[in-house]
Amino acid sequence: MRILMVFLALVATQSALAAPRGKAAPAASKPRVSAATQECLDCHADATPGIVAEWRASRHAGVTVAEALARTPLERRVSVAAAPEGTGAVVVGCAECHAARPDAHPDSFDHEGHRVHTVVSPPDCASCHPVEAGEFDQNIMSRAYGNLMGNPLFKDMSDQVLGIAAFDPARMTMTMTAPAGDAQADSCLSCHGTIVQVTGTTVRHTDVGDLTFPVLSNWPNQGVGRMNPDGSRGACSACHTRHAFSIAVARSAETCATCHKGPDVPAYAVWSVSKHGTIVKANSDKWDMTKVPWTVGNDFTAPTCAACHASLVVAPGGAVIAPRTHRMNDRLPWRLFGLPYSHPHPVSPDTTILRTAGGLPLPTDLDGTLSPGLIDAAEQGRRTAALQKVCRACHGQGWIDGHFARLQSTLREADAQTLAATGVVRQAWARGLAKGPGKGSIFDEPIERSWVEGWLFYGNSTRFASAMAGADYGTFANGRWMLAKNLRDMMEWLADRLSPARR
Amino acid sequence: MRILMVFLALVATQSALAAPRGKAAPAASKPRVSAATQECLDCHADATPGIVAEWRASRHAGVTVAEALARTPLERRVSVAAAPEGTGAVVVGCAECHAARPDAHPDSFDHEGHRVHTVVSPPDCASCHPVEAGEFDQNIMSRAYGNLMGNPLFKDMSDQVLGIAAFDPARMTMTMTAPAGDAQADSCLSCHGTIVQVTGTTVRHTDVGDLTFPVLSNWPNQGVGRMNPDGSRGACSACHTRHAFSIAVARSAETCATCHKGPDVPAYAVWSVSKHGTIVKANSDKWDMTKVPWTVGNDFTAPTCAACHASLVVAPGGAVIAPRTHRMNDRLPWRLFGLPYSHPHPVSPDTTILRTAGGLPLPTDLDGTLSPGLIDAAEQGRRTAALQKVCRACHGQGWIDGHFARLQSTLREADAQTLAATGVVRQAWARGLAKGPGKGSIFDEPIERSWVEGWLFYGNSTRFASAMAGADYGTFANGRWMLAKNLRDMMEWLADRLSPARR
Amino acid sequence: MRILMVFLALVATQSALAAPRGKAAPAASKPRVSAATQECLDCHADATPGIVAEWRASRHAGVTVAEALARTPLERRVSVAAAPEGTGAVVVGCAECHAARPDAHPDSFDHEGHRVHTVVSPPDCASCHPVEAGEFDQNIMSRAYGNLMGNPLFKDMSDQVLGIAAFDPARMTMTMTAPAGDAQADSCLSCHGTIVQVTGTTVRHTDVGDLTFPVLSNWPNQGVGRMNPDGSRGACSACHTRHAFSIAVARSAETCATCHKGPDVPAYAVWSVSKHGTIVKANSDKWDMTKVPWTVGNDFTAPTCAACHASLVVAPGGAVIAPRTHRMNDRLPWRLFGLPYSHPHPVSPDTTILRTAGGLPLPTDLDGTLSPGLIDAAEQGRRTAALQKVCRACHGQGWIDGHFARLQSTLREADAQTLAATGVVRQAWARGLAKGPGKGSIFDEPIERSWVEGWLFYGNSTRFASAMAGADYGTFANGRWMLAKNLRDMMEWLADRLSPARR
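Chains as they are written, first to last, in my numbering: chain A, 101 to 603; chain B, 101 to 603; chain C, 101 to 603.
Looking at chain A on its own, in the form it has when it is part of the complex (with noise of 0.2 Å):
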C-alpha cells in the first residue's frame, strides 16, 4: 500500500501539471468566497459567465490573503504587511475589489443590495499590493495621459492625427474639424488613457429587472494612464489583464505589444527578430511564466519584457538579480524614445514640467541640447548597473561592454541623422516653405510630417532595434534605410522647392 500512496502522490502531481486547461490550481483547496461575493457569484455566472469562469480558475480565486502572507519573502506576491480587517480569511472575489472603498468612488451605485463600482482603480489593488501601486505612481506610464494632452505640443499633433478633413472643391481648400473624444479614446488614448467620469445614469432591463447603472465617459478604456472616477491615475489591468490577473500575461511579451508594436515604439517587433524574442517563441510554452521568484535558467531561459524590466528575477541557487519594480525605467539608462532626440530619463513621471533652452516643452530642444530636469550620470549608472545585472545572468561582461558601447555609438548616430533632419524642416520654416511654429501647426504639411516619421518611426526602430539586439528590424524593416531614405527626400524636396524652375 505504501507504492500505492506513491503511486497517489505521483498521480496527483502529473494531475497538477497536465490539468491546466482552462482552469488552474485552486481545485484542490475549496474556495473560501465572502458572502458579498458568492451572491455577486450567483447572479453573473449567468450574466457574465466568461469572467467568472476566468476568475474561478484564477490565483485571486484560490488563495486568501492570509495564505498568501504566509509565502516566505520572496515567493510573496502582496506587499501588504498584514491582511486588511476582515479580509485575511477569504479569496479576492468579486466584492473584494469591486466593493472596496464605495466612497472614495464616484462611480459607486446600489446594486442589488451592495454598493459596486465599475472602475477597480490602482487605490483599490493597493489594499493587498501597495509597493508596486506607489512604485507604478512614480513609473511614468501612470501619468501618460497628461503628459499627452497637458503638453501643448503633444496635443497639436494628436490634433493633426485625428482631426477630420473636409475639401472644398468650389474653393480648393481643406478645413479641419477638431477630433471628438471618440476619436481620441480609439487612438491615443487607448493607451495614455481616457477620462473616465460619472456623466449620469441610465436604467436597463435585465433578466432580473429593471437596474440603474451609473453612464462613464469614454468608456470602456483600459490605458495604463487612465484618469479614474476616484481621481486615481492609471489602471493596473492594462498589463494585468481582465479577470486571472494572470501575471503569465503581464510576461507575456504580447502584452506590451498592445502598445508598443510600433512604429513609433517598435519594443516588441524588435524583441520578435532578436535572439530573445526568437528563444521565447520556441519555447516559453514548456517554461513556468507564473513563478514567483522566477528563476532564470529553471523557468525561463530567455527574457520578455518583463524580465528585464519588470519581474523579480532570482538565480538557481535563490540569489536576487533584480528586484521586482513596477517603475519601468529603473533598469532604463536611457530613453531611448526621441522628443526627437534621446535622452535620460526625465527624474520626473510628470513630463509637462519640461521645458528647454527655447522654451519648448520637450527633454531635448531643436538642437540637441538636453533640457534640465533629466536623471545625471550617476543615475544613469546606476540604473545600467541594474539593467546589467539581468545580462549577466546569461552574458560575460565583455558582451554587455560590447553590446552598450554599440548601443551608445547608435543613439548618437540617429540623433545626428534627426539633426540633419530638423536642419531640413527649419530651412524650410525660415523660408516660407512651411508655415511652422508662430504660424501654424508643425505637424500638419508634408514636409514636416516627414520630419516627425524621422525620429518619431526610424529614428526610435533605429535605436530600439540596437538596443535590444534586433538589428533585422533596424536595418530594412524601419530604421536605418528609412531614416537616410526619408532624409534624402526631405533635402531634396527643398531643394526643388528652391529651385528656379519652381520660383
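Just so you know, the hints here were simulated from the structure itself, not pulled from any lab data.
Please note: incorrect hints may appear among the correct ones.
For chains that are exact copies, the list does not tell them apart, and a pair is met inside one copy or across any two.
[What the hints assert, rightly or not] Lysine-lysine pairs mimicking DSBU-like chemistry, simulated, CA-CA at most 30 Å apart:
id, residue 1, residue 2
1, K489, K391
2, K535, K489
3, K489, K585
4, K585, K535
5, K585, K539
6, K585, K255
7, K535, K255
8, K255, K539
9, K386, K489
Based on these hints, arrange chains B and C on the given structure of chain A.
Structure of chains B and C alone, referenced to chain A:
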C-alpha cells in the same frame, strides 16, 4: 483493487491529455476503415506519407458517422439527420470523400480500380455537414471569385495591380500586358479562389507503374471562393486545412490571417495588438481549442475570430451564447471594408448585383450614398444583438455600449476622410490632371493609387482597429496617421499641379 | 503487482512527457561532467547562472559522446566516426568547447588555471559534427561577411544606408560620414557577421578577484558569416542558439526570422500567412520539434523552414524523404533574391567572384542576362527533385507541378517589372537627372532608392510569396501592389522631370 481501477482510469485520462504529440485521440479505438479507404492507405502510406499520418491522427479517422450522430445535439459535429447509406459503421477515410459522388465530378478518374477525384468540394462535405455547407453557400466568402472577377471595377483594379509593364526608353512610354492566369492565381485568387477545371490528362511514371491523371487548370488552389470542377463554389479546406480537418486550426486566428492580415483587411494585425489577441497568445497552449460546444471561461477566456463570428459558444452551465454559423456575417451588422465607404452588409452574397444611384457596381456611391440591396436597420439590430451576446459573456452592457458607440463614430470619421480624398481625386479628374472615369482606368495613376490606399489600407485599418479594440494598429501603424498624411499629400499634389509655376 | 509495474512504467512515461518545464531529459542519468567543466560550473553557477541552468537542461549536458555514437545512424546527431580522444565518457560541457583547440584560438586566455576562449567556432563544433561543419562551409551563408563587404556595389549600398548626414543650412548641402564599425555591426553585419579579433586585454574586478580578459573587436556578434578570431567563418550559434543548442529552436521558423523577416528577405512574413505557417502556429506546441530523425505526419504535419531546407525528414516507416544538410541551397534550384533579377544559385558560396558581361559583380546584368558561375539546368533539376520529394510527403504531383509552374511564371513577371524599373533609372542616368554609375553612388538619390526598393523589397516579396504560397503578403502587403505602384511613381517622376514646365 477498486483503487487500482481508479488509478487505471486516472492514468488513462492522463494519457489522453498528455499524449497528443502528433497523434490525437483515436489510438484506443481500432480504426474501422472501409475496404476502399484501406486500399488507398496501402499505397498512399508510402506515396504521400505525411497526409496519411495526419489523417490517422484526425477525428475523421477515429470516429464513425454513427458514433458522431450518437453525440448530444450540442456536442454533435455533424448536421446530417442519419448516416448516409452504408457509411455509418466506417470512419471518414480517403474514399469516403475522394470517391464520393463520382459522376458529379468531371475530375473523377480511374485510379487503381477506383473512380476518385482530386478536388473535394462542399457538396462532398455536405454528405455529413449539410447545414454548414448550406450556410457557407450564403456566406459572401463562397462568392469571392465572382464578386471580384465579375465586377468590372474590381477586375480593372486587379489588372492594374497584376499587369506587367514594359518601358520603352526611346518613346519614354510604358505599355502594360494584361495579367496571366498564373499571376491572378498567385495573388488575388489565392484567397478569392480560382476556376478549377479539367483541361486534359497526363501520364505519370510512379512506383506502381504509369498512371493517368487529369490536368487541372489553376491548381493548386484553396481559396475560399474556389470554383470547383463539379460546378460548386468554395473550399472547406480554406479553413479546415488539409487532412487533419482540425477544428483547432479553423479556430486559430492564424487561419483567418491567411487572407486577413492586411493592409487591406488587417483583422489579424489588429486582433494581435488587442487584449483579445494578447490573452490568446499568452494562454492558448493551455486551452482546449477542439471542444464542441466551446465553453467560454472553461475552454478559453478570450476570443479568436471564430468565437465571435462562427463557433458554437456556450456558458459553463451549457446555455447557448452563440449558435454555430458558417455565414460569417450573421453576427456582423456593419461591413467595415470600405468600398469605398463602410456600409451595412449586402443582403445577397452575390455583390455583383449592387448598383449605386450613379450606376457604379458598388455598395456605396462616390459621395457616400448607400446602394439598394444592403440589410436594413432591423436586420442590423438583430446582428448587433447576436454579436453583443458574445461580448456579454465577459463584458458588462455599459462597456459594450461604449465600445459600439465609439465604433460608429470611427466609421463616420474614416468615411469622412475618404469623402475628402474622393473630392481631391474627382478634382484631378475634372481638371484633367488624371484621366479617370470614361477615359481610362481609375486605378492606375499615382493620385488614383493614393486614393485607393486611403480607403483600402488606411480607412480599413482605422475601422478594423476600432471594431476589434486594437488601437495600436489604428493609430500610427497603418491607420489614422497614414489616413491624415495621405489625404494631405493628395491635397498638396493637387495644389502643386494647379500652381502657376507648373502651368 | 504486475499491474503495478505497468503503472510504474506508464506513470514514468507520463512524467517524461509532462515534466519538461524548463528542464529536459537528463535528470535521470547522473551528469558525467569532466573535471575541467566541473571547475567552470563551480564558479559560473554563480557568475552566469542563466546559461549554466540552460546548459544543464540541454542535450549536451545529458548525453556523452559515446552514447551519442551508440544511436542508430538515422537517430545519430553526431557525425564523427569515433569519440575524440578522451571525450567519450563525458558529456559536452563548458570546457569541451571553450577550452578546445586552445592554440588555434588567438582569443585563448588563462582563466583560473585553464586556457579558454570566448568565441567557439565551427572548427570547435566539428570535433563531433564534422559533416555539418563541412556542409556549412559550402553554405553561402558562411561567406555572408565577405559576400557583402567584399563586393564594391554591396559595400557602397551599405555605406549609403548607414552613413550619417550633416546638413549645412548656409550652403544647403548635405555631407555624409562613412559608417562606423558599430553602425555596421548594429545592422548589416548583425546577420552577415562581424570580424572578431583580439584587440587587447582588460582587467575586470570580479567576485573572485581581478581577472584579465581579452578585448574583442565587433563583439558581441552571432552573425551566420562571422569572421572568427581563429580565422574560421561562421557561427553555429546563429541558429543553434546559446547554451541549450536546441534543435527545436533551430527548427523554429522564428530562428530564421532573426534575419529573414523582410522586407528584403521576407521568408518568415510569407510563411506566416501560408497554410504551412498557419498549421504550425496552431499545432506546434503539441508536436515534437526535437526528434531525430524527424518523422513527417507523426512528429509534425506542416513544415517550418528547416523541414524543407535542412532537416533529416523521414516517413513514418523510416524511409528517408530528405537527408540532413547544412548547405541550405541543396534543395533550392532558384535564388529568389533578385540581384537585381532572380537567378539559378551561384556555384561557389563565394559570390564576389561573379562578373556580368557588363563587368558588374552581380549574378545578373542590368538587362537581366545571367552571369557565368551559376548552377546549370541539370543541377537545378537535381535540386528541384530533392525539394519536391519533401513536398510529395503531403502533396500529389499535380499539385506540385502546378505550384512550381506558377512560381516560374511569377519569377518572370517580377523580373520583367524590375527590367522596366531599371529602364527608368537608366534613363535618369542617361539624361543627367541622377548621377549614377561612374559619377557617384548608384544607391543614394531618391530615384535610385526607389529602384532598389523595387527589386529588393517588392520584387523579392512577390517572389517569396509565390514560392512559399503566402499570397496575402505578396499582393497588398509588400508585393505586387507596391511593385506596380513604385514603378508607376518612378515613371511619373521621370516624365515630370522631363516636362517643359520643369526644364
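A quick look at each hint next to the structure:
no.: 1; hint: K489 / K391; result: within (20 Å within a copy, 35 Å between copies)
no.: 2; hint: K535 / K489; result: neither (49 Å within a copy, 51 Å between copies)
no.: 3; hint: K489 / K585; result: neither (38 Å within a copy, 43 Å between copies)
no.: 4; hint: K585 / K535; result: both (24 Å within a copy, 17 Å between copies)
no.: 5; hint: K585 / K539; result: both (28 Å within a copy, 20 Å between copies)
no.: 6; hint: K585 / K255; result: both (28 Å within a copy, 17 Å between copies)
no.: 7; hint: K535 / K255; result: within (18 Å within a copy, 40 Å between copies)
no.: 8; hint: K255 / K539; result: within (17 Å within a copy, 44 Å between copies)
no.: 9; hint: K386 / K489; result: within (25 Å within a copy, 32 Å between copies)
Comparing the model with each numbered hint stated earlier shows that hints 2, 3 do not hold.
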